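Protein chains in written order, with our numbering: chain A, 226 to 410; chain B, 29 to 165.
Derived from the structure by calculation, the hints contain no laboratory data. Check before you lean on any hint, since a few could be wrong.
[Unchecked claim] Just a few of them, taken from the derived set where beta-carbon distance is under 7 Å, the chain A residues facing chain B: (1) Pro240; (2) Ile268; (3) Gly270; (4) Gly272; (5) Tyr367; (6) Pro407.
[Said to hold, decoys possible] In silico lysine-lysine, BS3-like type, Cα no more than 25 Å apart, as pairs: (7) B/Lys105 to A/Lys320; (8) A/Lys279 to B/Lys162; (9) B/Lys162 to B/Lys105; (10) B/Lys162 to A/Lys254; (11) B/Lys86 to B/Lys105; (12) B/Lys61 to A/Lys349; (13) B/Lys33 to B/Lys105; (14) B/Lys33 to A/Lys254; (15) A/Lys254 to B/Lys105; (16) A/Lys254 to A/Lys231; (17) A/Lys337 to A/Lys349; (18) B/Lys97 to B/Lys86; (19) A/Lys231 to A/Lys349; (20) A/Lys273 to B/Lys162; (21) B/Lys105 to B/Lys30; (22) B/Lys30 to A/Lys337; (23) A/Lys320 to A/Lys337; (24) B/Lys61 to A/Lys254; (25) B/Lys97 to B/Lys61; (26) B/Lys87 to B/Lys97; (27) A/Lys337 to A/Lys279; (28) A/Lys254 to B/Lys30; (29) B/Lys91 to B/Lys30; (30) B/Lys97 to A/Lys320; (31) B/Lys86 to B/Lys162; (32) A/Lys279 to B/Lys91; (33) B/Lys97 to A/Lys254; (34) A/Lys320 to A/Lys279.
All of these numbers come straight from a predicted model, not from anything done at the bench. Using N, Cα and C, we set each Cβ at its ideal position, and we do this for glycine too.
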Amino acid sequence: MEILLKPWPWYISGPLIAVVMAVLILFGKTFGMSSNLRTFCAIGGAGKYADFFKFDWRAYRWNLLVVLGAVIGGFMAVTFLSDGSTMALNPETVKDLSALGFSEVGESLLPKEIYSWDAVFTIKGLAILIVAGFLVGFGTRYAGGCTSGHAITGLSNLQWPSLIAVVGFFIGGLIMTHFILPLIF
Amino acid sequence: MKILKFIGIGIFFGIVLVKSEAVSWYRIFEMFKFQSFHMYGIIGSAVFLGAATIWIFKKTNLKDTEGNKINLPPKDKGFPRYIIGGIIFGLGWALAGACPGPMYILLGTGVFSMLIVIAAAVLGTFVYGLLRDKLPH
Numbered sequence: 226m227e228i229l230l231k232p233w234p235w236y237i238s239g240p241l242i243a244v245v246m247a248v249l250i251l252f253g254k255t256f257g258m259s260s261n262l263r264t265f266c267a268i269g270g271a272g273k274y275a276d277f278f279k280f281d282w283r284a285y286r287w288n289l290l291v292v293l294g295a296v297i298g299g300f301m302a303v304t305f306l307s308d309g310s311t312m313a314l315n316p317e318t319v320k321d322l323s324a325l326g327f328s329e330v331g332e333s334l335l336p337k338e339i340y341s342w343d344a345v346f347t348i349k350g351l352a353i354l355i356v357a358g359f360l361v362g363f364g365t366r367y368a369g370g371c372t373s374g375h376a377i378t379g380l381s382n383l384q385w386p387s388l389i390a391v392v393g394f395f396i397g398g399l400i401m402t403h404f405i406l407p408l409i410f
Numbered sequence: 029m030k031i032l033k034f035i036g037i038g039i040f041f042g043i044v045l046v047k048s049e050a051v052s053w054y055r056i057f058e059m060f061k062f063q064s065f066h067m068y069g070i071i072g073s074a075v076f077l078g079a080a081t082i083w084i085f086k087k088t089n090l091k092d093t094e095g096n097k098i099n100l101p102p103k104d105k106g107f108p109r110y111i112i113g114g115i116i117f118g119l120g121w122a123l124a125g126a127c128p129g130p131m132y133i134l135l136g137t138g139v140f141s142m143l144i145v146i147a148a149a150v151l152g153t154f155v156y157g158l159l160r161d162k163l164p165h
């Protein structure tokens with residue numbers, strides 16, 4: 226039991242993610258979390274504005290159930306399966322973040338400098354969350370998939386488009402982390 | 029039963045991603061700083077095992093629970109959409125520290141400000157749908 230409460234090493238977690246993908250394939254589905262964003266648009270009536278959202282979203286209800294499960298899983302993991310220990314980040318990472326003005330680094334999953342209500346209720350804080358979410362939602366649909374659809378499923382299926390997309394993910398991520406975050410914080 | 033199996037796989041996914049810390053903004057930052065093997069190990073081992081699994085599924089002509097032959101639809105051909113869309117996604121991923129799966133999982137961990145990110149992601153998808161015919165693919 227104690228081992229469940231500690232953070233799980235990569236060589237346990239990675240293969241378990243592959244299990245999630247494999248089980249969804251065995252159920253006749255595919256592992257793709259960003260598709261739900263398009264489904265939400267369709268449910269909200271976006272089909273009136275663009276043909277891209279004119280599809281029978283009921284066929285994708287199963288994926289919304291995966292989302293519901295993911296929310297429950299997140300709740301269960303922090304409520305029943307966590308010992309509240311600080312994350313074992315590289316000390317260099319902690320130092321870099323301290324230099325950018327972040328404190329209590331790794332004491333929770335997300336930095337309070339971005340996700341606390343104190344941060345969110347500033348113009349800058351609100352703009353960060355909206356811009357970040359918008360880029361993820363726009364980019365993932367433009368690229369035709371996200372980390373689950375391209376980086377895990379697409380690469381596992383040896384698809385060139387997914388490799389190009391993952392290279393793109395990294396170019397974008399490196400630009401943000403190395404050049405833009407230091408300007409924001 | 030059908031409902032439970034999908035909720036169940038979602039719960040499992042959520043727990044794995046929290047316990048692996050892959051949902052953490054800090055881990056994403058650390059990954060893009062090349063300061064830890066952790067995230068590369070997670071993605072790398074998932075892809076390695078995933079590739080072996082899909083290869084076996086195809087080789088053995090395995091059928092899914094619906095009785096259909098396992099067939100992963102290939103992605104459309106093209107280059108601009110994958111590289112440009114990928115870069116846009118990557119910018120957002122590193123800023124939010126979360127991609128679409130972790131967004132929901134983190135909401136479950138009690139971070140309700142994530143609802144703003146999710147709403148903005150839905151808006152981003154909607155705007156893509158509006159502009160789709162004008163963008164290079």
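Hint by hint, here is what the structure shows:
At about 5 Å, the closest approach between the beta carbon of A/Pro240 and any beta carbon in chain B falls short of 7 Å, and the interface hint on this residue holds. Interface restraint check for A/Ile268: the shortest CB-CB distance to chain B comes to about 10 Å, outside 7 Å, so the restraint is violated. Among the interface hints, the one on A/Gly270 is violated; its C-beta lies about 10 Å from the nearest C-beta in chain B, farther than the 7 Å criterion. Among the interface hints, the one on A/Gly272 is violated; its C-beta lies about 9 Å from the nearest C-beta in chain B, farther than the 7 Å criterion.
Annotation: A/Tyr367 was flagged as interfacial toward chain B, and the flag holds, the nearest CB pair being 3 Å apart, inside 7 Å. This hint is violated: A/Pro407 has a C-beta 12 Å from the nearest C-beta of chain B, more than the 7 Å allowed. Distance hint between B/Lys105 and A/Lys320 is unfulfilled; the C-alpha atoms sit about 43 Å from each other, more than 25 Å. The suggested pairing of A/Lys279 with B/Lys162 holds, with an alpha-carbon distance near 18 Å, which does not exceed 25 Å.
Of the pairs offered as hints, the one joining B/Lys162 and B/Lys105 holds, with about 18 Å between alpha carbons and a cut-off of 25 Å not exceeded. A distance of roughly 30 Å separates the Cα atoms of B/Lys162 and A/Lys254; the hinted pair therefore is violated under the 25 Å criterion. Taking the CA atoms of B/Lys86 and B/Lys105, the gap is about 22 Å. The hint holds against a cut of 25 Å. Note on B/Lys61 and A/Lys349: the hinted pairing holds, with a Cα-Cα distance of about 24 Å set against a maximum of 25 Å.
At most 25 Å may separate the alpha-carbon atoms for a hinted pair to count; B/Lys33 and B/Lys105 exceed this at roughly 33 Å. Of the pairs offered as hints, the one joining B/Lys33 and A/Lys254 holds, with about 12 Å between alpha carbons and a cut-off of 25 Å not exceeded. Of the supplied pair hints, the one linking A/Lys254 and B/Lys105 holds, its CA atoms being roughly 21 Å apart against a limit of 25 Å. Between A/Lys254 and A/Lys231 the CA atoms are separated by roughly 32 Å; this puts the pair beyond 25 Å, and the hint is violated.
Simply put, A/Lys337 and A/Lys349 have alpha-carbon atoms about 14 Å apart, close enough for the 25 Å limit, and the pair holds. Distance restraint check for B/Lys97 and B/Lys86: the Cα-Cα separation of roughly 9 Å lies within the 25 Å cut-off, and the hinted pair is therefore satisfied. Simply put, A/Lys231 and A/Lys349 have alpha-carbon atoms about 35 Å apart, too far for the 25 Å limit, and the pair is violated. Distance check on the hinted pair: A/Lys273 and B/Lys162 sit about 18 Å apart at the alpha-carbon level, within 25 Å; holds.
Distance hint between B/Lys105 and B/Lys30 is unfulfilled; the C-alpha atoms sit about 34 Å from each other, more than 25 Å. As the CA atoms of B/Lys30 and A/Lys337 are separated by approximately 38 Å, the hinted pair breaks the 25 Å bound. Proximity of A/Lys320 to A/Lys337 is assessed by CA-CA distance (about 17 Å); at most 25 Å being required, the pair is judged to hold. Annotation: proposed proximity of B/Lys61 to A/Lys254 is violated, straight-line Cα distance about 34 Å (limit 25 Å).
Taking the CA atoms of B/Lys97 and B/Lys61, the gap is about 42 Å. The hint is violated against a cut of 25 Å. Simply put, B/Lys87 and B/Lys97 have alpha-carbon atoms about 11 Å apart, close enough for the 25 Å limit, and the pair holds. Among the hinted pairs, A/Lys337 with A/Lys279 is inconsistent with the structure: their alpha-carbon atoms are about 39 Å apart, more than 25 Å. Restraint check for A/Lys254 and B/Lys30: the C-alpha separation of about 13 Å stays at or below 25 Å, so the hint holds.
Of the supplied pair hints, the one linking B/Lys91 and B/Lys30 holds, its CA atoms being roughly 18 Å apart against a limit of 25 Å. Between B/Lys97 and A/Lys320 the CA atoms are separated by roughly 51 Å; this puts the pair beyond 25 Å, and the hint is violated. For the suggested pair B/Lys86 and B/Lys162, the alpha carbons sit about 37 Å apart, so the restraint of at most 25 Å is broken. Among the hinted pairs, A/Lys279 with B/Lys91 is inconsistent with the structure: their alpha-carbon atoms are about 30 Å apart, more than 25 Å.
Under the criterion of a C-alpha separation no larger than 25 Å, the hint pairing B/Lys97 with A/Lys254 is consistent with the structure, at around 12 Å. Simply put, A/Lys320 and A/Lys279 have alpha-carbon atoms about 49 Å apart, too far for the 25 Å limit, and the pair is violated.
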